[in-house]
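The opening residue of the sequence shown carries number 1 in our numbering; numbering runs sequentially from there.
Worth flagging that the hints you see were computed from the coordinates, not collected in a lab.
Mixed in with the good hints there might be a few duds.
Quick list of in silico lysine-lysine cross-link-like pairs, DSS-like style, CA-CA up to 27 Å [to be verified]:
| hint | residue 1 | residue 2 |
| --- | --- | --- |
| 1 | K347 | K132 |
| 2 | K209 | K227 |
| 3 | K481 | K331 |
| 4 | K164 | K348 |
| 5 | K106 | K77 |
| 6 | K394 | K455 |
| 7 | K132 | K111 |
| 8 | K111 | K143 |
| 9 | K484 | K331 |
| 10 | K197 | K143 |
| 11 | K273 | K37 |
| 12 | K106 | K273 |
Taking CB as the label site, the calculated pair distances span [to be verified]:
| hint | residue 1 | residue 2 | range |
| --- | --- | --- | --- |
| 13 | S110 | D414 | 52 to 60 Å |
| 14 | T296 | D225 | 39 to 47 Å |
| 15 | A272 | P401 | 49 to 57 Å |
| 16 | Y379 | E172 | 25 to 33 Å |
Glycine residues also receive a C-beta, built at the ideal position from the N, C-alpha and C atoms.
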Amino acid sequence: MKIISNKYNQNFNGTTKIYAISDSHQETRKTRAFLSKILQDNPKDDNVLLLNCGDIFKGIYPRELERDSYIKMKEAKPDIEMVMTLGNNDFGFNKEQLNNLIDTIKTFTSKGIKTVCANIFNSDGTRPDWLKPYTVVERDGDKTFITGFCIDNINTARFGIMPKKQTEVLGEIQDAILKEKPDNVIVLNHDYMSASKDIIETCKNNGIKVDVTIGGHDHDYVEPDTKLNIYYPESFSDSMYKMNLVHENNISEVNDVKRIKNKGLEVDEVFAKDLEEYEKTSGLSEEIAPYVLNLTKQYSKPCPLGSFLADEIKVVSDADVAFFSTGFLLKPMPYKENEFITNYLFKKTMIAQTPIQTVELDTSQLKEVFQHALKSNGYGSSNPKFLQCSNNIKIEGHDNPDLKSWELDQIYIDEKPLLDEYSNPIPSNKKYKCAIDSYIANGGQGFTTLQQADKTDVLIDNQPALINNIFMKGIIEAPDKYPKCSEYPSFELISQ
1 MKIISNKYNQ NFNGTTKIYA ISDSHQETRK TRAFLSKILQ DNPKDDNVLL LNCGDIFKGI
61 YPRELERDSY IKMKEAKPDI EMVMTLGNND FGFNKEQLNN LIDTIKTFTS KGIKTVCANI
121 FNSDGTRPDW LKPYTVVERD GDKTFITGFC IDNINTARFG IMPKKQTEVL GEIQDAILKE
181 KPDNVIVLNH DYMSASKDII ETCKNNGIKV DVTIGGHDHD YVEPDTKLNI YYPESFSDSM
241 YKMNLVHENN ISEVNDVKRI KNKGLEVDEV FAKDLEEYEK TSGLSEEIAP YVLNLTKQYS
301 KPCPLGSFLA DEIKVVSDAD VAFFSTGFLL KPMPYKENEF ITNYLFKKTM IAQTPIQTVE
361 LDTSQLKEVF QHALKSNGYG SSNPKFLQCS NNIKIEGHDN PDLKSWELDQ IYIDEKPLLD
421 EYSNPIPSNK KYKCAIDSYI ANGGQGFTTL QQADKTDVLI DNQPALINNI FMKGIIEAPD
481 KYPKCSEYPS FELISQ
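Please model the complete structure; the sequences and the hints are all you need to start from.
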């Protein structure tokens, strides 16, 4: 029997004020400006629900400051309900960063801040004891069921943490909804709009109405779907959604939806002290170099920003080619006339301090690496396995619609083809010295060919060469190398 109106609990008519943010990426000043506005708007209202759709980590300010923002919010307004889900970047690139996430969730739990994510499991199929699949928020008799999902491309298998597709766990979540009998159902989905619509449609077909969906992961502006009540706050705490969830006469409706831009908002004194101390001592506003290059960015395609950094890595490593995971680039660095790049603006583009390594690969191994990186190219909203490459690389391939796969036909290095007319490696004893980030070197994003190969650390002055320092060096030296507003050449990826 279908139960579309969520008439599970018939003893409360009320309004819940909802605020929603996503993908703040440690933009702590902006995050705290939004939290300040919530405090100022609701000095006495105790039916306030703050939703966060993940990726609070990997960004500009220290992760401790971002974490403490929510703890300070709970201390300043104990009656607020805060529910978060996890984004792919929250898990980090190594065991230390994963441990930080787990410690953060445990700390949040101890403070009354809830974290839910229904599609994260241990490698043995059990759920982690530090993470819940859903929660039920009860206020004045009003029951709101809140669950969350993370995009399933996180790479934590080597640490015993495995994601599942949202659709694999929806049956369990739907059973929980029917068991809990809530008035309202809210989904936090750190994935693209198409995935959010699929969740809502699946629930609807099984007799369950999702009242509100907050989305995340997409760093481009996403137009809301007001009919389905799907809202994607802008990344880096650039905007926040505010809305009312009204439950009246056994029916839940959303009204008074507003998108609040993060402009001219002040930081409340409860959040100010440690924030200002960090800004003062860190030199965030210090100038690094004038803008010279127009370093635009594309996530799953060749771009000037990607090839500029790959070429800098190639030079530092004295390598034949260089490539790195596209996920290291957060924001573009477009040219701005007569302006300077500051430490703050630099960190908006690159925050990772990941070591660079080199690996010797033959033609067959190179083909395996690039085929893995491009297999899903053109299928889906993005390709997290994509590699940004030095601009002496050119790759040709074609779509295979039957397999929904992109197949590699030819690789060129310095204009020299590596494959024959049948896309088989041309016999050769040559190996290519490849400079890569240690994340994919250790098998991140499933690069097993790189994981299994012997690697060598790249050193600068007997210290590990870090990707952010290499990028910084390139930015500082750029004014002496390039005319103003230059377009840096990208490597080529050609679909035939």
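>> For a quick check of understanding: which of the numbered hints are violated here, in increasing order?
In response: 1, 4 and 14
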